[in-house]
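Student: To convert, note that position 315 of the sequence shown is 315 in UniProt numbering; the numbers rise steadily by one, no gaps.
Treat the hints with care, since some could be wrong.
[To be verified] FRET-style restraints, in silico, Cβ to Cβ:
| id | residue 1 | residue 2 | range |
| --- | --- | --- | --- |
| 1 | N311 | R164 | 16 to 24 Å |
| 2 | D460 | K200 | 26 to 34 Å |
| 3 | N311 | P79 | 29 to 37 Å |
| 4 | E303 | W194 | 41 to 49 Å |
| 5 | K71 | R169 | 28 to 36 Å |
| 6 | N350 | R456 | 26 to 34 Å |
| 7 | E303 | K119 | 43 to 51 Å |
| 8 | E115 | N231 | 20 to 28 Å |
| 9 | N231 | K119 | 14 to 22 Å |
| 10 | N231 | E452 | 17 to 25 Å |
| 11 | K280 | D216 | 37 to 45 Å |
| 12 | R456 | H51 | 35 to 43 Å |
| 13 | K280 | N311 | 45 to 53 Å |
| 14 | K67 | R114 | 26 to 34 Å |
Think of the hints as simulated: they come from the structure by calculation, not from any bench. Because the structure is a prediction, the values reported are computed rather than measured. Heads up, the beta-carbon is just placed ideally off N, CA and C, and yes, glycines get one too.
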Amino acid sequence: MSAANSNSAVPVIVWFRQDLRLADNPALHYAADADRPVIPVYILDDETPGHWAMGSASRWWLHHSLKELGKALRGAGTPLVLRRGKAADLLPKLIEETGADRVVWNRCYEPYARERDEKIKSALNDAGVQVNSFNGGLLVEPWTVATKAGDPFRVFTPFWREARQHLGRVDPLPAPQSLSAPETAIASDHLADWGLLPTKPDWAAGFEPVWIPGEDGARDAAGDFIDSRINSYADDRDRPDRDGTSRLSPHLHFGEISPRQIWSAVSHACDGVGRKDPQKYLSEIGWREFSHNLLFHFPDFPEANHQDKFNSFRWQNDDQRFKAWSKGQTGYPFVDAGMRQLWQTGWMHNRVRMVAASFLVKHLLIDWRKGQDWFWDTLVDADLANNSAGWQWVAGTGADAAPYFRIFNPFTQGEKFDPDGEYVREFVPELAALPAKWIHRPWEAPDSVLDEAGVRLGTDYPKPIVDHSAARERALAAFKDLKSAA
Numbered sequence: 001m002s003a004a005n006s007n008s009a010v011p012v013i014v015w016f017r018q019d020l021r022l023a024d025n026p027a028l029h030y031a032a033d034a035d036r037p038v039i040p041v042y043i044l045d046d047e048t049p050g051h052w053a054m055g056s057a058s059r060w061w062l063h064h065s066l067k068e069l070g071k072a073l074r075g076a077g078t079p080l081v082l083r084r085g086k087a088a089d090l091l092p093k094l095i096e097e098t099g100a101d102r103v104v105w106n107r108c109y110e111p112y113a114r115e116r117d118e119k120i121k122s123a124l125n126d127a128g129v130q131v132n133s134f135n136g137g138l139l140v141e142p143w144t145v146a147t148k149a150g151d152p153f154r155v156f157t158p159f160w161r162e163a164r165q166h167l168g169r170v171d172p173l174p175a176p177q178s179l180s181a182p183e184t185a186i187a188s189d190h191l192a193d194w195g196l197l198p199t200k201p202d203w204a205a206g207f208e209p210v211w212i213p214g215e216d217g218a219r220d221a222a223g224d225f226i227d228s229r230i231n232s233y234a235d236d237r238d239r240p241d242r243d244g245t246s247r248l249s250p251h252l253h254f255g256e257i258s259p260r261q262i263w264s265a266v267s268h269a270c271d272g273v274g275r276k277d278p279q280k281y282l283s284e285i286g287w288r289e290f291s292h293n294l295l296f297h298f299p300d301f302p303e304a305n306h307q308d309k310f311n312s313f314r315w316q317n318d319d320q321r322f323k324a325w326s327k328g329q330t331g332y333p334f335v336d337a338g339m340r341q342l343w344q345t346g347w348m349h350n351r352v353r354m355v356a357a358s359f360l361v362k363h364l365l366i367d368w369r370k371g372q373d374w375f376w377d378t379l380v381d382a383d384l385a386n387n388s389a390g391w392q393w394v395a396g397t398g399a400d401a402a403p404y405f406r407i408f409n410p411f412t413q414g415e416k417f418d419p420d421g422e423y424v425r426e427f428v429p430e431l432a433a434l435p436a437k438w439i440h441r442p443w444e445a446p447d448s449v450l451d452e453a454g455v456r457l458g459t460d461y462p463k464p465i466v467d468h469s470a471a472r473e474r475a476l477a478a479f480k481d482l483k484s485a486a
């Protein structure tokens with residue numbers, strides 16, 4: 001057999017998806033150990049996900065993340081191949097072009113991804129191509145955790161207790177020292193031609209001062225959080241006026257860092273995981289696991305009420321009020337600050353996400369799925385499992401959900417978690433001159449205070465689009481009627 005046809009010269013394709021990193025990447029590690037040329041490929045497939053094709057903010061992140069991944073792979077010795085189209089069509093073409101006889105990837109858990117991957121694996125196996133898949137995205141895969149009856153967990157606390165029993169030793173894999181490139185160059189799209197970045201207008205201009213996408217950015221963000229903020233996390237995590245969270249969610253979604261890496265780093269830096277603040281942070285990683293567990297076992301979670309009784313609920317889908325909410329013009333400063341933070345930075349603090357989502361669903365009685373779709377398009381960390389689980393939790397329609405009578409008060413939430421009004425001042429600058437006493441409820445401020453602050457309600461800043469007490473009573477009545485009917 002000639003060297004050109006020997007097994008060591010046959011390349012292996014590494015299909016990157018939500019694992020845009022070199023370290024702790026089981027599929028890439030496997031390919032590197034095979035002692036063959038490695039062909040890394042990323043396929044921008046907008047057809048397979050359908051409605052859940054990547055949103056606008058995520059595409060901005062993807063552009064920068066792929067740029068960084070390409071640099072890292074070139075530094076290791078092999079270029080990243082970019083292709084656009086349906087993965088089920090493009091992978092066989094790439095195999096034909098390159099003579100590869102093996103494809104490896106790290107598993108995805110979204111319903112459309114699982115169906116796609118199963119079909120591709122079956123077709124490639126039938127064509128004599130070996131396929132290997134790995135766990136590169138979760139601490140514990142969904143099928144390994146179940147109740148004593150063998151059912152999926154629907155409540156977080158027992159799920160997390162059981163999941164932690166399955167963790168075992170967490171040792172992230174190192175990045176490959178070097179990768180062999182194929183002898184012949186492989187055609188690749190140019191990243192700029194994909195048009196992932198907005199141009200006219202550049203609505204993402206506010207993203208760049210806030211985020212550094214890519215594996216290096218993820219590692220630095222994790223290190224900074226663990227070194228300087230994790231020991232106050234349990235209290236500061238609820239304060240949007242403080243830099244108290246990790247902001248690792250987009251890095252996790254795109255796989256620039258793995259949960260195994262985070263678990264290991266926290267464990268080593270914090271002398272174990274028993275102390276309150278590190279433990280609280282790791283439980284948030286557990287919520288991510290729980291969300292993926294729900295999506296895996298209940299694939300209609302992003303589209304259907306998990307609790308069937310809500311199927312007869314009459315949502316009041318008022319387009320004008322939805323627009324006011326989406327643009328941060330509700331007249332409730334804490335909600336508006338969150339919605340504007342989302343628009344300006346592609347991210348919203350989690351405490352404010354809960355309040356803003358509750359306002360949409362319970363104050364305005366607008367279907368949680370409309371809010372979910374808005375977040376999907378505007379969040380850089382838009383993740384199908386996390387997004388759907390979060391919205392169903394707030395709406396009371398999901399698993400382990402907030403009860404129907406839990407309705408966040410938007411101004412008392414602001415006063416509790418942004419007591420000096422600094423968060424509101426940053427994102428609702430027209431109220432910046434108001435004293436803290438009035439900044440979360442400007443409609444109650446005396447005229448003299450409003451005049452001194454230069455605030456004209458209804459002109460500079462909107463009056464509340466609904467009265468809190470009346471909206472709360474309306475929501476309680478609607479949800480109570482639903483409960484009685486059920």
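Student: Now tell me, hint by hint, if it's right for this structure.
Tutor: Against the structure, the hints come out as follows:
no., hint, in the structure
1, N311 with R164: 16 to 24 Å, "35 Å, violated"
2, D460 with K200: 26 to 34 Å, "28 Å, holds"
3, N311 with P79: 29 to 37 Å, "50 Å, violated"
4, E303 with W194: 41 to 49 Å, "28 Å, violated"
5, K71 with R169: 28 to 36 Å, "32 Å, holds"
6, N350 with R456: 26 to 34 Å, "33 Å, holds"
7, E303 with K119: 43 to 51 Å, "21 Å, violated"
8, E115 with N231: 20 to 28 Å, "43 Å, violated"
9, N231 with K119: 14 to 22 Å, "47 Å, violated"
10, N231 with E452: 17 to 25 Å, "41 Å, violated"
11, K280 with D216: 37 to 45 Å, "27 Å, violated"
12, R456 with H51: 35 to 43 Å, "42 Å, holds"
13, K280 with N311: 45 to 53 Å, "35 Å, violated"
14, K67 with R114: 26 to 34 Å, "28 Å, holds"
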